[in-house]
Amino acid sequence: MRTVSTDLIRDAVAELCIEANHFLSEDMREALQAAEESEVSPLGKRVLGQLQENLRIAGEEMIPICQDTGMAVVFAEIGQDVHLEGELLETAVNEGVRKGYTEGFLRKSVVGDPLERTNTGDNTPCVLHTRIVPGDHVRLTVAPKGFGSENMSRIFMLKPADGEEGVKEAVLQAVRDAGPNACPPMVVGVGIGGTFEKCALLAKQALLRPADSHAEDPRYRAMEEELLRRINQSGIGPGGLGGRVTAMTVHILTYPTHIAGLPVAVNICCHVHRHASKEQ
Amino acid sequence: MERKIRVPLSAEDARSLRAGDYVYLTGTVYTARDAAHKRMAEALSRGEELPVDPDGNVIYYMGPSPAREGRAIGSAGPTTASRMDRYAPQLLDLGLRGMIGKGKRSQAVKDAIVRNGAVYFAAVGGAGALLSHCIRSSEVVAYEDLGTEAIRRLEIEDFPVIVVADCEGNDLYLSAPAKYNEEK
Chain X
37 MRTVSTDLIR DAVAELCIEA NHFLSEDMRE ALQAAEESEV SPLGKRVLGQ LQENLRIAGE
97 EMIPICQDTG MAVVFAEIGQ DVHLEGELLE TAVNEGVRKG YTEGFLRKSV VGDPLERTNT
157 GDNTPCVLHT RIVPGDHVRL TVAPKGFGSE NMSRIFMLKP ADGEEGVKEA VLQAVRDAGP
217 NACPPMVVGV GIGGTFEKCA LLAKQALLRP ADSHAEDPRY RAMEEELLRR INQSGIGPGG
277 LGGRVTAMTV HILTYPTHIA GLPVAVNICC HVHRHASKEQ
Chain G
27 MERKIRVPLS AEDARSLRAG DYVYLTGTVY TARDAAHKRM AEALSRGEEL PVDPDGNVIY
87 YMGPSPAREG RAIGSAGPTT ASRMDRYAPQ LLDLGLRGMI GKGKRSQAVK DAIVRNGAVY
147 FAAVGGAGAL LSHCIRSSEV VAYEDLGTEA IRRLEIEDFP VIVVADCEGN DLYLSAPAKY
207 NEEK
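Protein chains in written order, with the working numbering: chain X, 37 to 316; chain G, 27 to 210.
Chain X with its partners taken away, still in its complex shape (with noise of 0.2 Å):
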């Protein structure tokens, strides 16, 4: 049993949020390249250039990478034999969520009651999906989500008899509906099976698995590859603008499902794919 104070959880939060927003990961920063290297469209090309050179001053001069900072998705990974010392946890998570969002010039984006709108004005409550793992640590992920991509997510609950063709044309028709609305060149995040939530859930951690990773499964990395390139033949392009680019990288998860379901959700993420995790 190892003890850990939530008050390092909440400074954890905090920095997280500051960090995510400025700086994007290595392996998002070396797909974005690749993506400038290889688009044909001079317009889509100078987009790609546009979006470097963005990176360069938001991390130079910490301006957040997007106005958007997004609405704070949190992951906590508890292990099993860690003991939490101090406030509840998703008390601690949202703290850091104020502090960092206040402390980091972050954009405040969340509204308290969805019909009334009224910002909170310190951009909490997050949305902390938390799970039970193995050993004694505590390993935090923030992901904050803009919502020019959360828009175009969508979920599709098809009938078994819909198969692996279903599952395709559903990614494909929600990539083709998001266009340049999604701020491509897109993170695509797949979730297929499950029940209607834990499928929503999974597209949202297939979009956490690193860029130039691949399903374990054959037949899930072979969709993968496929979606990739069907989605780049869309014509869609940077900034929708037209190109060859318009998805860099496709993430699918899967989960057992029900005899008379195949439920399939689709998480959009823009170019601005942000996550930072620390471990405690």
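Don't read these hints as lab results, they were simulated from the structure.
All C-beta atoms in this analysis are idealised placements derived from N, C-alpha and C, irrespective of residue type, glycine included.
Mixed in with the good hints there might be a few duds.
Straight line, CA to CA, 30 Å or less: simulated DSBU-like cross-link-like pairs of lysine-lysine [what the hints assert, rightly or not]:
| no. | chain 1 | residue 1 | chain 2 | residue 2 |
| --- | --- | --- | --- | --- |
| 1 | G | Lys205 | X | Lys81 |
| 2 | X | Lys81 | X | Lys314 |
| 3 | G | Lys30 | X | Lys81 |
| 4 | X | Lys144 | G | Lys64 |
| 5 | X | Lys204 | G | Lys205 |
| 6 | X | Lys144 | X | Lys195 |
| 7 | X | Lys195 | X | Lys81 |
Some residues of chain X that are not near chain G, with every Cβ distance over 10 Å (derived) [claimed, not checked]:
| no. | residue |
| --- | --- |
| 8 | Glu97 |
| 9 | Cys102 |
| 10 | Phe141 |
| 11 | Phe232 |
| 12 | Pro292 |
Keeping the supplied structure of chain X fixed, place chain G upon it in accordance with the hints.
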């Protein structure tokens, strides 16, 4: 074609712009996004004046992140324009001459652009740090309680945008991807 244009936009400049033109804007624009548009629509329905006269002006669909000390503004890129589609035709009919955002517009907005000789520009989404360098000053002029969604007057200089929808009804989001489409 690359051009440098002053804002507010003259009727002549607006009518001369064509989908695909790469334009650097210099002058004054106003920000407004979802909540400010809702308030403007409510004000109009009550017969009240708008805090900013749309006539000849350009609205930038943008809500900035807070400015660090000594800076004019924080990160300041475009938001998705389609969320303002419900309100845009009315403002265009009141003389609004340009909009800066990103993403598709409805046919009703494109019709209103044609009808009024207006223009819709896209700025590069997700390049808010870069675009902030082209904003010289920012001042809240209405609806301050809306925070990032307040209406701001911005002085911009060589602010890079691309003409997406023009007064002839062209739409770059339809024509440009078609050129690179390789689907059967």
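These are the hints, each one checked on the structure:
no., hint, in the structure
1, Lys205(G) / Lys81(X), "15 Å, holds"
2, Lys81(X) / Lys314(X), "34 Å, violated"
3, Lys30(G) / Lys81(X), "21 Å, holds"
4, Lys144(X) / Lys64(G), "19 Å, holds"
5, Lys204(X) / Lys205(G), "24 Å, holds"
6, Lys144(X) / Lys195(X), "40 Å, violated"
7, Lys195(X) / Lys81(X), "40 Å, violated"
8, Glu97, "7 Å, violated"
9, Cys102, "5 Å, violated"
10, Phe141, "5 Å, violated"
11, Phe232, "26 Å, holds"
12, Pro292, "33 Å, holds"
The structure fails to meet hints 2, 6, 7, 8, 9 and 10 from the earlier list, while all remaining hints are met.
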